[in-house]
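Colleague: For reference, the chains in residue letters:
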Amino acid sequence: MRIKSQRDFWSGLMFILLGLAFAYGAAGLRIGSAVAPGAGFFPLALAVLLTMLGAVVLFNSLTIEREGGDVVGVIAWRALIFIVSAVALSGWGLQHLGLLVTVPIMVVLGSLATGGFNWKDSLANTVLLCGLSWAVFVLWRDMSIPLWPVFF
Amino acid sequence: MEFLAQLQLGLQTALTAQNLLFVGLGAALGTLVGVLRGVGPAAVIALLLPCVYWFDAMPVIIMLAALYYGSQYGTSTAAMLAARRGEALPVLAGAQDAQKTGSALAIAAFGSFVAGCVTAFLIAMLVPTLANWGLTLGSQDYFSLMVLALAGAVVLASGSLVKAIAMVVLGLLLGQANSESGVALNLHPMDKGLAFVVFAMGVFGFSEFIAKVANLPTGSGADAVPVVRLRDMVLARVQVREGAPAVARGTALGTLMGMLPGGGAALASFAANTLERFVAKDRVAAVGQGAVAGIAGPESARNAGAQASFIPMLGLGIAPNAVLALMVGAMSMKGMQSGPQWLSTNASLFWGLVASMWVGNVLLLALNLPFVHLWIQLLRVPNRILFPAILVLCCFACFSLAGSDVALYWVAAFSLLGYALHKLSCEPAPLLLGFMLGPQMQAHLHEALVSTQGDLSSFVTQPLSAAFLIGALILILSVVLPSVRKGRKQAFVQG
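As you go down the protein sequences, you meet chains A and B in turn. Just so we're aligned, residue 10 is where the first sequence starts under the working numbering, counting upward by one. Just so we're aligned, residue -7 is where the second sequence starts under the working numbering, counting upward by one.
Simulated from the structure, these hints should not be mistaken for lab results. There could be a bad hint or two in this list.
Said to hold, decoys possible - Restraint-style ranges between C-beta atoms, simulated for each label pair: (1) B:S150 / A:R87: 23 to 29 angstroms; (2) A:V136 / B:F363: 28 to 34 angstroms; (3) B:S470 / A:A64: 43 to 49 angstroms.
If you're wondering where the values come from, they're calculated on a predicted model, not measured in any experiment. The beta-carbon is built from N, C-alpha and C at its ideal position, and this holds for glycine as well.
Extracted from the complex, chain A is given alone in its bound form (with noise of 0.2 angstroms):
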């Protein structure tokens, strides 16, 4: 078998495991009946049409002839990594590393993102950044947050 929308078909398998997801999920809960419906009516009844419009979409992708078979294309994976993981980072790096450790690493996933890192500029936006930062977050939201890292 052949597919012939690579777009299709991912997103087919993507949308079935997403429904069976759910549907496990709101398995766990009462489901009642149309009439009187409990937490997981809504949940399951959606997560198996989700489930079934996946497999139309995946069987779709199977049967369909398109042009040049519908290719995912390139993947950003630089960008990819880098974002994720900066926003992944955020929250912890400023609660265990501190505003001032936190700030460089981010500016340099940041600008490694974009393919365009170099020292001179990150270090200046770091500065920047730290202040600006310090100024928003510290000075007038109040929030309290450790500056240097915090071992303990």
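We have chain A already, so just place chain B on it with the hints.
Modeller: Then chain B, alone, in the frame of chain A:
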């Protein structure tokens, strides 16, 4: 004369120093977003959401609104300038010298300005009427109206219909997780407002940056932009005479397109472009090559469409597109329940918003004509500086709202999901509309079922509800029919 008194009150509110500052801020940010191109207003509004709690409702709402219609001015301006850089454009391929670029800029900006002012007036006229009508609707009618809105969003999403429907269902599911049953589903230890912020920041904000960051224009492009002086922007009488009817057509069509479920600025501009080609049948080539009507029509429709999409949102609480859905979310973060009752409880906010649109349009006219070179200079700021700044400030703002690192892990996860959806050409707008409308629909469904003791037939026996459901059915069927399918495909290729 109550109408005039209300407007006067609104103007007084909009002209206070604080509100003026926020309109200006929104207009400037919007212009920047539009001029930058690549990243849309929805992404920027999504990333600004955590800051909504920092200010009062009034300045926040008028700023986000100004950002949305301001980005339409910016888009026009960038398009007029880009024509000079030799990029392929639907309008104005023939503008060669500064004089032509100048008059193109002026036509686009004045067209947008007129459209914006007229549409703000229409908002003031139509929203109270719509809200009054909305108050008479029963829960069956509301449920069906929302089904119609979702059907519109599905039909107007580009790409596969089944995928768009699946996106709505996924949105409804995530919306479920966001309501009471979500706590039991154990999806996130967050309150409602926070879950919305985290979802929007990931799926609409950062994922768009991931997708676009490699292709965003950087400083170097600014050098190629011609120097356009103010005297280049003076319009000849014949241009005004040719442009005025096109502006009128664009405003009317744009307003209509903006109010449609799934509609907004892009659809309005596309429809007006088609209309101008149709009107100028004997001059088809001229519309493509920078004829006045070919600029004035689509550009004024773009702004009219952006502002008109506020009408169903303010009047009925139904957002026609992703940007307005984010606005609904921002309003609910400020403790406001959107719906037909919104107007009566927030009258001063409404009139302030309407008046702020006039103020905003005046500011935008200034920002996009005399100060056009300021924006070109701003484009010189390289991404490696600008981008980490956005990343740091938005993540920290989200942390300051959540107070825990868990929220940021969710933002990261939703960014991944958003990027996956982007690569698989699943449009996120139906997802967001499902997410926003889901809990409301469930409430109306529940209410309807309780009042009729579980009898589902009331949805088709009540005339209005039945009409909405039939409308939704026709919308869906119209796309499935092969002849329309072809035309729709072409429309998206061109748009």
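Colleague: Now, for every hint given, state plainly whether the structure supports it.
Modeller: Evaluated hints:
no. : hint                                : in the structure
1   : B:S150 / A:R87: 23 to 29 angstroms  : holds, 27 angstroms
2   : A:V136 / B:F363: 28 to 34 angstroms : holds, 29 angstroms
3   : B:S470 / A:A64: 43 to 49 angstroms  : violated, 25 angstroms
Hint compliance for this structure: hint 3 alone is broken.
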